[in-house]
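Undergrad: Chain residues, written in single-letter form:
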Amino acid sequence: MAAKDEVGRHGERVVTRRLEEQGWEVLARNWRCEHGEIDIVAVDGSDLVAVEVKTRRTATFGVPQEAVTPAKLSRLRRLVGLWLASQDRRFYGVRIDVCAVTLPASGPALVEHLRGVG
Amino acid sequence: MIGRARAIALTGLAGHAVDVEAHLAAALPAFTIVGLPDASLQESRDRVRAAVASSGLDWPMRRITVNLSPASLPKSGSMTDLAIAVAVLAASGQVEARQAARAVYLGELSLDGAVRPVRGVLPAVAAAAAAGQSHIVVPAANAAEAQLVGGVRITAVGSLGELARLLGNENAVPAAASGSVKPPEVTMPPEPGDMADVRGQEAARYAIEVAAAGGHHIMMTGPPGAGKTMLASRLPGLLPDLDLDDAIAVTSVHSLCGTFDPSEGLMRRPPFEAPHHSASAAAIVGGGSMLARPGAISRAHGGVLFLDEAPEFAVRVLDTLRQPLESGEVVLHRAHGATRYPARFQLVLAANPCPCGNKGVRGSECICSAITQRRYFGRLSGPLLDRLDIRIDVEPVRRGAEEGESTAVVAERVARARAAARRRLEGTGWTTNAQLNSRWLRTHTPAAALAAGQHALDHGAISARGFDRSLRVAWSIADLAGEPAPVAAHVHQALAMRTGGIA
Chain A
1 MAAKDEVGRH GERVVTRRLE EQGWEVLARN WRCEHGEIDI VAVDGSDLVA VEVKTRRTAT
61 FGVPQEAVTP AKLSRLRRLV GLWLASQDRR FYGVRIDVCA VTLPASGPAL VEHLRGVG
Chain B
1 MIGRARAIAL TGLAGHAVDV EAHLAAALPA FTIVGLPDAS LQESRDRVRA AVASSGLDWP
61 MRRITVNLSP ASLPKSGSMT DLAIAVAVLA ASGQVEARQA ARAVYLGELS LDGAVRPVRG
121 VLPAVAAAAA AGQSHIVVPA ANAAEAQLVG GVRITAVGSL GELARLLGNE NAVPAAASGS
181 VKPPEVTMPP EPGDMADVRG QEAARYAIEV AAAGGHHIMM TGPPGAGKTM LASRLPGLLP
241 DLDLDDAIAV TSVHSLCGTF DPSEGLMRRP PFEAPHHSAS AAAIVGGGSM LARPGAISRA
301 HGGVLFLDEA PEFAVRVLDT LRQPLESGEV VLHRAHGATR YPARFQLVLA ANPCPCGNKG
361 VRGSECICSA ITQRRYFGRL SGPLLDRLDI RIDVEPVRRG AEEGESTAVV AERVARARAA
421 ARRRLEGTGW TTNAQLNSRW LRTHTPAAAL AAGQHALDHG AISARGFDRS LRVAWSIADL
481 AGEPAPVAAH VHQALAMRTG GIA
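Chains as they are written, first to last, in our numbering: chain A, 1 to 118; chain B, 1 to 503.
If you are wondering where the hints come from, they were derived from the structure by calculation, not from laboratory data. Computed from a predicted structure; not experimentally measured. Yeah, the Cβ is synthetic: ideal placement off N, Cα and C, and Gly gets one too. Just to be clear, a hint being listed does not mean it is correct.
Reference excerpt, derived from the structure (chain B facing chain A, CB under 10 Å, subset only) [stated by the list, open to error]: (1) L24; (2) A26; (3) A27; (4) L28; (5) P29; (6) R63.
Chain B with its partners taken away, still in its complex shape (with noise of 0.2 Å):
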């Protein structure tokens, strides 16, 4: 007697369809598990059999062998643990074995027999929806999430006696008041603040507009105070929707780590991301033993991911930051595989000009000796800092600075900059300026702007890579002011925007 349920099993975002087969032996009453799960599906076994006996339903006693395939690869969650139930009974024939065996089934599974939510319905539903599944069975707390999926029946169940009526037994009894189950609380990041709060810093507000405009990654040089980190939560609010692959990706990502709230559809928004300078490299990229879970890089893909007191950050932290910067994912390699995540992120990065805080700051005095601030930099290591294509100045603020324009006006102005560019590229595979390779950049941009920054480049004022990044600015720049390709002044203003204090 074999019953047959099919999961899916959780590789950071990638979903593996898995077949669960439950064998019942006539021999001595045993549960075994076998198809690589770790420990906490091997507890799934004390809860899918207390689950069962509490929906009115059997356990055979038997020895029962359930096999989660494809076999090698590595399983883990409490996810399986609705189809385990299923396949048992299916191989018991108390549920209808044909109808059982055609569904994918999610959920985790309490003792007196509720479905309870799991986290990453949404990637597990999406990938199941990939490899050709059309019916897929979720807990009924994460039913909205399932949802967002299109091209697949979704069916909410509250428990496993629910389940198992649906499956065609008459006696099962559904768990009483699920009402206990309820979705997990999410708490939503709070809505960006506005430009308009913003006062004075015209310098600062250009910079980071032209960032929002082409993508740039940012570091912005400020004494306490001075407005970095009101710049930097403000970023996210100029970026324009995230497409549909983007906001999945996002979700997903979201999903998994449970900060997410389905009633609210898709997170269309860019996500900002926000770690303290304490935070360990594990919990910037993501980590864990067995299946590393995302971490901040991944949380801020498609959005903003904000260092504030950069130089205060562990220099290992900062470095691994370098290959997710370069290849826009992030693949962490354990003893039983490697898992992937997405890490597109904007990065922004804030430091004081010192240690104290008053290095060049009018009416204080910088009580920093020359090795400690040489020290305070030296942690931003070159190869990090050579991803920054702007890099600025932040002014304290004078008395009765005005009210600058609002992120409705500027959102407009950075969404019209990106329609254009996007327009120019196509056909090349990017989408922003700050993707524009060297080549590109040589061929495509006018003699006289080239012109400009070339005599820049041969004062050695800027680096030939130097020279990439101002031109990349530049052509930001110009799709800001509307115009189809950078005159010398944008390039002018762009290498101001380089090496502190801006034209």
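The shape of chain A in the complex, shown without the other chains (with noise of 0.2 Å):
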């Protein structure tokens, strides 16, 4: 496995443990089909929530945030659409987060949280 996956698997992993920290169910970690994948699916209070993790070591090439397109926000949106068909259960609302996540050389990672962003 390449240096940047394991640095995004290591992200994903430390949203996943503040999420649940938050009380949110997580139902699902990194689900795939043919049109892509979805870091994490999790319930926040009535809400289910697609969200999506950027990591990055370093802010040389733009903070991570700023890797989330509007292409890829809108692939995102079908992807919600296909996971909650794909299953029985029914939601208040849904919402896609973003959380962006920097690894500083050393001490704990910075997550920042952006909700509702598409």
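Put the two chains together into one complex, using the hints given.
TA: Printed below as a string of structure tokens:
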């Protein structure tokens, strides 16, 4: 596995732990279908949330949240629909969050949680 | 988190105070400007972002919405760059927000954080002062121009970093050596020549003097080389200095055109504009999409508009002059709204007697057919000619003609005549004889003078309107002669200036 993928995996683990600490119910991680992947599917209160995790070690190529493009957001919207169709549970609302994770050389990871971005 | 700053949006010479608000939202990074910005203002997003980063400040990784209020007023240009940058910095807590919200910011940003000079600073600062703003931040290169407006505190800044430090950010880095930012180069028009250079031409010289005294529009007809251009270009030298209101209006127009040198202070001398006869209607009256820019007639505001070879101008171009001649301003309508510019100028037309230029010249033969001659002058429409109080023929210069009086001597006579006219017209709202209406002329002109004109009217030599014009000119002749009111001889002289050939 390439180093960049390992960084991404680590970021997703960090975010999952934080979300569970906040009382979110994580339903799926790395849910895949033929159109792509949702990093985390979780329930926040009564809402279903698709969480996109972006992890970077440096800000040399911009902060992580800048890497979430409008094209990526529209794909996520479609994937959430597909995920909902694949199971029977119903939710009050659906939204997409972005968690930007920055991994400093030492110390704990920095997570910035952007709610309802798309 | 909301940051505020103030800016000025110019519509023509009218400035509107604009509130710039920046809102930062915790969402994907984006930067949008709302409030009817045009394409040039949309581009300020990229300039502001780069300038902030270059000044040692952080660009907030948030969804930034900048609103320019009133949102329904179309806004244009790079003048609001600085206010947008300050609003964003205030919203992200990088400058003292309360302090930042109190001032008006004018200036364009360069990518390295330097504040570049902009056009139209004078009308913008004047508008800010009129809107009750007391503190205005301007580009260092425009400081001299901004200081021409009294009663406001002007702070000149060379870079965004310098401004951020003034607003309480210790970490900001002023752009290195902003020596590259020079005030725009201005080529000042050459000094008008002296009347003493005009040899002979007593009649034409006198007609120019009368035109200067009364503010009359004038047309000169004569063969090439007779000195028409020379005479016209000496007219501004005969006119008195502009008063303060006019000086501010004239300077504002030239500030907007970038044709004004602020180191000389307000423009006090009447301007002289001589557009070439190939000029388009837009070049003469002003034009352009979105925000129409001032044309030659507005640059000639308070001074002289000289159209050499007048019949060579396009008919459409000449006819666009009619409305400004009547109202003293030009209103340009565009899809986004109307723009108003002042355009009170003294019109001087020059024309050859015919296309070949030899008609009526002793010793040379005119080769133009009757139809070409008629067509040549047919381009000057009746309504336009109607507005010319003085129409004279300029004869070729005779050999051994003597040098005339100098500009200084003539200008003093003109100043005395103008002062007399102003005293007489106090309370009427008029300042020169050219503005007098028919009713005033008929009630104030002495009976003997009226009778002299009536005689010409009865014989059909002039129209009723031509009669009024001759009376106006007669008042100017009387003012020059130091008489309290015109006598019959003055009216005869005025009549001669209407039909060509002077008495």
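Undergrad: Each hint: holds or not?
TA: Now for the hints, and whether the structure bears them out:
Of the supplied interface hints, the one on B:L24 is violated, with its beta-carbon coming no nearer than about 12 Å to a beta-carbon of chain A, more than 10 Å. With its C-beta approaching chain A no nearer than about 6 Å, B:A26 sits inside the 10 Å limit, and its interface hint holds. Annotation: interface hint on B:A27 holds; nearest CB of chain A at approximately 5 Å, less than 10 Å. At a threshold of 10 Å, the smallest CB-CB gap from B:L28 to chain A is about 5 Å, leaving the interface hint in force.
For B:P29, the interface hint holds, the least distance from its beta-carbon to any beta-carbon of chain A being 5 Å, beneath 10 Å. Interface restraint check for B:R63: the shortest CB-CB distance to chain A comes to about 9 Å, inside 10 Å, so the restraint holds.
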